[in-house]
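S.K.: Sequence:
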Amino acid sequence: MIVHPSNLFRRRLLLAGAAGLAAGALSGVAHARGAAAVQPDIDGTKVWGARSPQGTVSVLQYRPSRIVVHHTVSANSTDYSRARAHAHAHWVQDLHMDDNGWVDTGYNFLVSRGGWITEGRTGSLAALTGGRTFVLGAHTSGQNTQAIGIACEGQYHAGAQPPQAQWEVLVTLCAYACDQYGIASTQIFGHKDYGTTECPGVYHDMLPELRAEVAAARS
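Position one of the sequence shown corresponds to residue 372 (our numbering), numbered consecutively onward.
To be clear, the hints were calculated from the coordinates, so they are not data collected in a lab.
Even glycine gets a Cβ: it sits at the ideal position worked out from N, Cα and C.
One thing to keep in mind: the hints can contain errors.
[As the list claims (entries may be wrong)] Here are the computed distance ranges between Cβ atoms for each label pair:
#1 PRO579 with GLY553: 20 to 28 Å
#2 ASP469 with SER436: 30 to 38 Å
#3 GLN432 with ALA529: 39 to 47 Å
#4 THR504 with GLY566: 23 to 31 Å
#5 SER512 with ARG434: 19 to 27 Å
#6 GLY530 with GLY415: 32 to 40 Å
#7 LYS417 with GLY502: 17 to 25 Å
#8 ALA586 with GLY472: 33 to 41 Å
#9 ALA454 with GLY513: 30 to 38 Å
#10 GLY426 with ASP576: 32 to 40 Å
#11 SER590 with ALA529: 29 to 37 Å
#12 THR500 with ALA587: 20 to 28 Å
Using the sequences and the hints, build the whole thing.
M.R.: Now the structure itself:
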């Protein structure tokens with residue numbers, strides 16, 4: 372699988388715990404926070420050119436208690452570029468706003484097959500960075516007021532395996548979100564845990580490994 376260099380470096384930071392690395396080595400890649408999880412690079416809505424929300428985006432004045440993982444059921448593209456990640460973010464936003472009639476992208480964050488993270492619903496990145504509030508999404512019935520939604524580009528319900536770059540950055544993002552919000556590493560679930568759906572496909576089978584790697588990244 373193709374993994375762009377910045378993601379390989381992110382992974383090394385995760386495995387090393389980031390504690391002993393010089394701050395200068397992190398510029399443009401990720402930000403060390405002592406022994407805590409690495410803060411990943413996330414392209415905000417302004418960076419990828421998102422549309423403005425069709426109404427008011429609600430910011431909940433408390434922290435989420437869990438993470439719900441999804442897949443977007445988009446094509447399993449072999450274009451692992453940042454430009455592709457931005458195009459995918461546009462595709463999801465258009466689908467959610469134009470077809471579903473939602474105010475904005477339903478997910479809080481998206482992880483591309485190439486390992487690029489994009490902000491989904493407007494305001495999610497600022498809330499995550501602050502660590503005290505989160506943006507109300509539209510991703511999991513009955514859980515939107517308690518969970519942030521992270522969606523992985525691709526469709527994984529028919530046997531396809533996620534690219535290594537996507538997996539590694541999903542671990543990084545989940546670890547950072549858990550640290551920021553005080554979420555236990557065990558509180559990472561899949562969409563199908565809360566409804567009749569195949570989402571997130573094979574990622575659901577990988578949840579035990581995801582929780583374990585997130586816990587290791589935070590230690």
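S.K.: Verify the CB-CB distance for ALA586 and GLY472 against the hinted window 33 to 41 Å.
M.R.: About 38 Å separates the Cβ atoms of ALA586 and GLY472, which means 33 to 41 Å holds.
S.K.: For the range 30 to 38 Å, tell me whether the beta carbons of ASP469 and SER436 fit it or not.
M.R.: Once the Cβ atoms are compared, 31 Å apart, the range 30 to 38 Å for SER436 and ASP469 holds.
S.K.: Has the hinted range 30 to 38 Å been met by the Cβ atoms of ALA454 and GLY513?
M.R.: Given about 36 Å between the Cβ atoms, the range holds.
S.K.: A range of 39 to 47 Å was offered for this pair. Does it hold for the Cβ distance of GLN432 and ALA529?
M.R.: holds, 40 Å
S.K.: Does the Cβ distance between GLY530 and GLY415 fall inside 32 to 40 Å?
M.R.: holds, 34 Å
S.K.: Given the hint of 29 to 37 Å, is the C-beta distance from SER590 to ALA529 inside that range or not?
M.R.: Cβ of SER590 to Cβ of ALA529: about 35 Å, so the range 29 to 37 Å holds.
S.K.: Note whether the CB distance of PRO579 and GLY553 lies within 20 to 28 Å or breaks it.
M.R.: holds, 21 Å
S.K.: For the range 19 to 27 Å, tell me whether the beta carbons of SER512 and ARG434 fit it or not.
M.R.: holds, 21 Å
S.K.: Starting from the hint 17 to 25 Å, judge whether the C-beta atoms of LYS417 and GLY502 obey it.
M.R.: holds, 21 Å
S.K.: Between THR504 and GLY566, does the C-beta distance stay in 23 to 31 Å?
M.R.: The hint (23 to 31 Å, Cβ to Cβ) holds, given that THR504 and GLY566 are roughly 26 Å apart.
S.K.: Do the beta carbons of GLY426 and ASP576 sit within 32 to 40 Å of each other?
M.R.: Between GLY426 and ASP576, where Cβ atoms are some 37 Å apart, the hint holds.
S.K.: The hint says 20 to 28 Å between THR500 and ALA587; measuring C-beta to C-beta, is that right?
M.R.: Distance hint for THR500, ALA587 holds at roughly 23 Å.
Of the hints listed earlier, there is not a single one the structure fails to meet.
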